[in-house]
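Peer 1: Sequence:
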Amino acid sequence: MATETVGENEYPDIVGAQPENPYLKTFRPYIPASAHLRELTPLPLIMGTLLGIVFGASSLYLVLKVGLTVSASIPVAVISITLFRVLSKFGLRDATILENNIVQTAGSAGESIAFGIGVTMPAIMILGFDLEFTRVMLVAVLGGLLGILMMIPLRRALIVQQHGTLKYPEGTACAEVLKAGASQESKEAAASGAVEEAAKLNDEAATGGKTIITGFGIGFLYYGLEQIFKTWKEYPTKIFGKPFEGGSISIENNPALLGVGYIIGPRIASIMVGGGVLAFLVLIPAIKYFGGGWMTPLAPETTHLIKDMSVSQIQKAYILYIGAGAVAA
6 MATETVGENE
16 YPDIVGAQPE
26 NPYLKTFRPY
36 IPASAHLREL
46 TPLPLIMGTL
56 LGIVFGASSL
66 YLVLKVGLTV
76 SASIPVAVIS
86 ITLFRVLSKF
96 GLRDATILEN
106 NIVQTAGSAG
116 ESIAFGIGVT
126 MPAIMILGFD
136 LEFTRVMLVA
146 VLGGLLGILM
156 MIPLRRALIV
166 QQHGTLKYPE
176 GTACAEVLKA
186 GASQESKEAA
196 ASGAVEEAAK
206 LNDEAATGGK
216 TIITGFGIGF
226 LYYGLEQIFK
236 TWKEYPTKIF
246 GKPFEGGSIS
256 IENNPALLGV
266 GYIIGPRIAS
276 IMVGGGVLAF
286 LVLIPAIKYF
296 GGGWMTPLAP
306 ETTHLIKDMS
316 VSQIQKAYIL
326 YIGAGAVAA
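Heads up, the sequence shown is in the numbering used here, so the first residue is 6 and it goes up one at a time.
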């Protein structure tokens, strides 16, 4: 919005010539509107689609396994910058910052839709429907269209007008990654002052790409050795006997969960560990102790007596509902 002389009726809902958001008076985009750079081209679309499939599958796996996932925007941006830099060494042109932005947008959109499917699958099953291919696809398509339609009116209100007020830390971090890995063509087209700001972080995108690819390699090797050669147990478990019957300690040797724990940080990870300790070292032993004398199955279990149930059976029959109630509360 211009800050010079404004016609009397040009902005009837704004008093005076000042913009609604004072931050917009000094804000200058990294790539000015007058610049002409490649953006919506075939190769970024294909790469973004493929990365969206990969991260969508991994996100769906994680959300169904542990109930949470992580955003793919920053990893996809780093991988895109790295791949285009590698391709440029074989004679192909390097991508512009706008093309890398297309890749990360498409990749993160695939991950977001996969997450939406994952969190609605339990609701579909609770309603009594089967998870047929057409039904799941319909949920994905309608969810994606709903998100797009909602963003059309909300983009200006929540992103443009609230720029600098709403922080959007992940989006800001992703933008910094893209600027740090901007090609020379993008830097030449960038607004004055933006290049100096991004030059300080010039090598971080390449370093981040190497870190992600190294993590993929180590995780793949670790899990491959575990699954193929059975070099160690995937779920090492210690189940206690009397007087602490029903108590157990277990761990899942899965590099994907280690990566999620690193990303979500020690606070959230500690809360989840605390929930596991409460379930397997307090609630399950208490259910086993106080319910062991019942001569009839205790609802919601309908077939087994508590005294005959294993730790995993008690967890599925009772603890899952307690956890769902805690989440709903």
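Among the clues, some could well be false.
Mimicking PhoX-like on lysine-lysine, the simulated pairs with C-alpha atoms at most 25 Å apart in a straight line are [to be verified]:
id, residue 1, residue 2
1, 247, 312
2, 192, 30
3, 235, 70
4, 192, 215
5, 70, 30
6, 172, 30
7, 243, 172
8, 94, 235
9, 172, 247
10, 70, 192
11, 312, 243
12, 70, 238
13, 243, 321
14, 321, 238
15, 247, 94
16, 293, 312
None of these hints come from the bench; they were simulated from the model. These numbers come from a predicted model, not from an experiment.
Peer 1: Against this structure, judge whether each hint is valid.
Peer 2: Here is how each hint holds up against the structure:
no., hint, in the structure
1, 247 - 312, "13 Å, holds"
2, 192 - 30, "23 Å, holds"
3, 235 - 70, "21 Å, holds"
4, 192 - 215, "22 Å, holds"
5, 70 - 30, "47 Å, violated"
6, 172 - 30, "17 Å, holds"
7, 243 - 172, "45 Å, violated"
8, 94 - 235, "40 Å, violated"
9, 172 - 247, "53 Å, violated"
10, 70 - 192, "42 Å, violated"
11, 312 - 243, "19 Å, holds"
12, 70 - 238, "18 Å, holds"
13, 243 - 321, "18 Å, holds"
14, 321 - 238, "22 Å, holds"
15, 247 - 94, "65 Å, violated"
16, 293 - 312, "7 Å, holds"
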